[in-house]
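Taken in sequence, the protein lines are chains A and B.
Its first residue numbered 10, the first sequence is counted upward by one per residue in my numbering.
Its first residue numbered 1356, the second sequence is counted upward by one per residue in my numbering.
Be aware that one or more of the hints could be misleading.
Straight-line Cα separation of at most 30 angstroms, DSSO-like style, residue types lysine-lysine; simulated pairs [claimed, not checked]: (1) 1395/B / 85/A; (2) 1377/B / 1396/B; (3) 1391/B / 105/A; (4) 1391/B / 90/A; (5) 1396/B / 105/A; (6) 90/A / 1373/B; (7) 1396/B / 1373/B; (8) 1407/B / 1396/B; (9) 1377/B / 85/A; (10) 1407/B / 66/A; (11) 1395/B / 77/A.
Worth flagging that the hints you see were computed from the coordinates, not collected in a lab.
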Amino acid sequence: GQNIDQPTEMTATEGAIVQINCTYQTSGFNGLFWYQQHAGEAPTFLSYNVLDGLEEKGRFSSFLSRSKGYSYLLLKELQMKDSASYLCAVRGGGFKTIFGAGTRLFVKA
Amino acid sequence: ETGVTQTPRHLVMGMTNKKSLKCEQHLGHNAMYWYKQSAKKPLELMFVYNFKEQTENNSVPSRFSPECPNSSHLFLHLHTLQPEDSALYLCASSQDLSPPDETTDTQYFGPGTRLTVL
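So that you can see chain A by itself, here it is in the shape it has in the complex:
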């Protein structure tokens, strides 16, 4: 079957670094997305990986290892506004995108 696993909740301190992991098992692979979703709002696109390695965008970086079925989202210099849910999504065979349940990140002062 197809499955995406990510931790349910994480807590980190303002100014720190946090890594949110995602493991997946899908039929085929055509890319992995990370989305941010604040409570009561729409998910917004953060990053996309299709090749192994690290993609960096400002304070956010995303890593992919296709052989391990593993990705992480790295958030640096955490700010209070980073408190949100982070959704890992994988586009599998047939280009259907499957979402994980999301990781709720709490940033404390």
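Got chain A sorted already, so can you dock chain B onto it with the hints?
Frame of chain A, contents of chain B only:
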């Protein structure tokens, strides 16, 4: 502003009511999607339309009926829903479904309709 709007933002309905959710995208995209988001569960893909044609129906009960009159508009017609259908219904759009390229398949989401079925 994501370029994808949804109305209404909140909806309360009884199990015998008929209502419709509306989604409109102003991004010139060709693919549109309906998702259901329940508390602590992954986003569940319901329907996908590409160039107005339905390409995916993810075993959704017939009490949910989608309609896509053109590439900019997507509706979800609701009839005789159950309390367990209460959820956030999200619409999304992307440029198209075909090539595995970041710029063409990134999905942009609307703000959602919070549906409560009594």
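Each hint tested on the structure:
no.	hint	verdict
1	1395/B / 85/A	holds, 26 angstroms
2	1377/B / 1396/B	holds, 23 angstroms
3	1391/B / 105/A	holds, 15 angstroms
4	1391/B / 90/A	holds, 25 angstroms
5	1396/B / 105/A	holds, 18 angstroms
6	90/A / 1373/B	violated, 39 angstroms
7	1396/B / 1373/B	holds, 26 angstroms
8	1407/B / 1396/B	holds, 28 angstroms
9	1377/B / 85/A	violated, 38 angstroms
10	1407/B / 66/A	violated, 34 angstroms
11	1395/B / 77/A	holds, 26 angstroms
This entry does not satisfy hints 6, 9, 10, going by the numbered hints stated previously.
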